[in-house]
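Visitor: Build out the structure end to end from the sequences listed, making use of the hints.
Here the protein sequences come in this chain order: A and B. With the working numbering applied, the first sequence corresponds to residues 1 to 122, in that order. With the working numbering applied, the second sequence corresponds to residues 1 to 112, in that order.
Watch out, some of these pointers could steer you wrong.
[Said to hold, decoys possible] Reference listing, derived: stretches of chain A covered by chain B, where coverage requires no fewer than 3 residues with Cβ under 8 Å from a Cβ of chain B:
{"#": "1", "stretch": "40–47"}
{"#": "2", "stretch": "54–62"}
{"#": "3", "stretch": "108–119"}
Think of the hints as simulated: they come from the structure by calculation, not from any bench. Remember, it's a predicted structure, so these values are computed and weren't measured experimentally. Every residue, glycine too, gets a C-beta built ideally from N, C-alpha and C.
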Amino acid sequence: QVQLVESGGDLVKPGGSLRLSCAASGFTFSDYYMSWVRQAPGKGLEWVSYISNMGITTYYTDSVRGRFTISRDNARNSLSLQMNSLRAEDTAIYYCARDWARRSRGDAFEVWGLGTMVTVSS
Amino acid sequence: QSVLTQPPSVSAAPGQKVTISCSGSYSNIGRHYVSWYQQVPGTAPKLLIYEDIKRPSGIPDRFSGSKSGTSATLAITGLQTGDEADYYCGTWDSSLSGGHVVFGGGTRLTVL
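Guide: Have a look at this one:
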């Protein structure tokens, strides 16, 4: 079945780095744009980053641009988020999400993982 | 402050209809498709509506979306206790550098 499984969440000190991964299965990974969406404790959804299906185009929310890098390995059906210079406000559950549209940006997320928790605290 | 404005909470009795509004501007809702998500606390969000009015496979027709100008609405008919959840609208916003996905602040639905 269609599935996304995130990993890599951890407790990290401010200024530290972390790399999140998302393993995809059950669909042709290289056909879909992918995103990371986060949710701080008790707060709403916040989109973080988008990557095109072939990895050529990326988008970031302003608060993470220059600190986070999204990437993908279509041969391994894997999505990653490299997070540097982490801040307390980056504390959140990070969800990996797949677009509904094939080979284009549909701006709606049809498949979600269960999320991985990132805590930034000294 | 969210770019898209939703009411913090709505409530209705089982079997009734409820609507949730999502207000934006020309650079987001006015120019781009709107999606809606349901999130039961402690679980991942679920896509209910995309491209303003379309439902993914498996979403019952009790859920419907509409849009007019810079506002969108999610309607839920025949309310069930299982519909109690947080609901979020989302869309693309092309006013910001390179464009962004934006979400509303969320609406908590209580089925009385």
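Visitor: Hint by hint, which ones does the structure fall short of?
Guide: As far as the earlier hints go, not one is violated by this structure.
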